[in-house]
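One letter stands for each residue in the lines below.
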Amino acid sequence: MAADPLIYVLDMLVFIGIFSLLAISLNLEYGFTGLGNFGKVAFFMAGAYTYALMIETGAPILVSLLGGATVAGLLGGLVSLPALRLREDYLAIVTLSFGEILRLFVKAQEGFTGGVHGIQVPAAFTAFVASPRLFGLANVVLVYLVAGVAFLFVQALINTPYGRVLRAIREDDVAVQVLGKNPVLYKVQVLVAGSFLAGLAGGAFAQYMRFIDPYMFLPLVTFYVWIALILGGPANNWGAVLGALVVEIFNRGTRIAKDYLVLPVDPNNLQFIMFGVLIILLLLYRPQGILGESRLRTPAFRRWEHGAADR
Amino acid sequence: MEIDLGQIILNSLITSSLYLLAGTGLTLTYALSHFPNFAHAEFITFGAYAGYLFMDRPDGSFPAALGSGFVGAGILSALSYLLVFRPLTQRRASLVHVMIASIGLGYAVRHAIGETWTWGALSYQVIWSPYEIAGLRVTALWLYLILTAGTIALILHFFLTRTRLGKAIRAIATNPELARVTGINQHQVTLLAWILGASLAGLAGVFRAADTRLFPMLGWDILLPVFAVTVLGGIGSFYGLIAASLILGFAENFGVVFLTRAGLSTEYRMMIAFLVLIVVLIVRPKGLARW
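Going down the list, the sequences are from chains A and B. According to my numbering, the first sequence is numbered sequentially starting from 3. According to my numbering, the second sequence is numbered sequentially starting from 140.
If you're looking for bench data, these hints aren't it; they were derived computationally from the structure. Yeah, the Cβ is synthetic: ideal placement off N, Cα and C, and Gly gets one too. A couple of the hints might just be wrong.
To be clear about the criterion: a stretch of chain A counts as covered by chain B if any three or more of its residues have a C-beta under 8 Å from a C-beta of chain B, and this derived list gives those stretches [to be verified]: (1) 29-42; (2) 100-114; (3) 193-199; (4) 263-271.
Build the full structure now, drawing on both the sequences and the hints.
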């Protein structure tokens, strides 16, 4: 563990930010549109590796981040396309499988991804690398800038007419079709956007870690994001952030427990057993999460609300 | 490298047999409970560990290990169905929620296994020495596996077409409402299908562990091809599953030969299953057959 408590806090903040960004991206897909993306980690990974490879060639950080996000976004649309006309379980199977396949692919491509040995990611903030505190701080700023923009983007998007179509697709995509909208088209766009955001998170992650290998991108990451979203409250961006915060604190707690507590069971195993049981209990007794779905914020809706208050 | 056609065909049959045993439960529960159970991987793994109770010594009895894996996986599946999936269904949980629950259950079980038997790889202590028959490298284990899968396929054929329970399973899978009005106890039949299917997955786990090694990721590592055969066969279709297992078994083993020849990593083996999955979804999402 880091000896400097400030660095520990900064490190934690970075991870909470990256997790929040992933949870927001899943929220756009699942929370608002009802798409069960079970391979979130694949797009996170695509973003991370693309970022690493681009920055290696000397591309500026912003270009590399956007490059990683674009590759992730395109993959997201492409991979989900065959499954989108079918029931949602097919999308789950395809995305989950794709996560595993992409990881195998990266593992086998020793040449440019470093395979199992991973790759070093050249530091983008060269000025700050000398001081771990400044480096941490610079990363906190970067991650929260990106996550903040994503938050505002999704928040604005879901309150537009476009966003209402997404919610309608989630509730009943046949009804949407009857109204002359093509649900598949919307779903592809949402998966591209969601994967784009996951790719951004991947780039920020690679940038911060300065080293990535395939073992950082286990299906576990996807599971964490799902726990965060379901715990916090699907269809609520604040819920996504809250969930990410809780999951990360839980994670840290286990690691601390491992160092300081003598338990009869391995804390790592215990953590997963508890996470597994927790998610099942949540789905049984409180599937809407802690916060529940956020309310619509449109001028018309607000007028109606005020009108209702006057009466 | 010389292509040894006989050996590749034998290897293909071994792979196909494994997929058939592992996939039967998945396709049955998928059809009856209408969701893909990702914790199916852990039924396979748990069966393998239950078998280890008899395989931790060189003079252990392999039939006893098979029996133990069969029963162990069945019990785990019954508990999963009764404590997790049935309550969720009764509360009208959405499809995505049930799938997430199955992933959560999978993690819990996998780590409980890791806690009990450690995360390191174990080996069954009974050794199967290979011998040569007509130029083929064969072990008795492989022959047992092919024989078991063949026998099970035959038994299941008669079970599904001739017995009340088998017909009830098919009835619920094809038309649940009609099945209910004809007086079929849907809950009981579904529970039995969950037990039976997972028991077969447990057998697959024992064979897999005997042939390779035993570790908590054993089931997860073959889950993708098992899903591929389930979708290729057509969800709920047992005959489709048999055909799909053969197709993927042969595709993988011939594919590996070509990969090696092309100088590519055999890690790409999994991609064959993924490719099959994608092509099926594009071309024929219903899969090969309906019952």
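**Message:** Taking the earlier hints as the rules, which of them does this structure contradict?
**Reply:** The structure breaks only hint 3.
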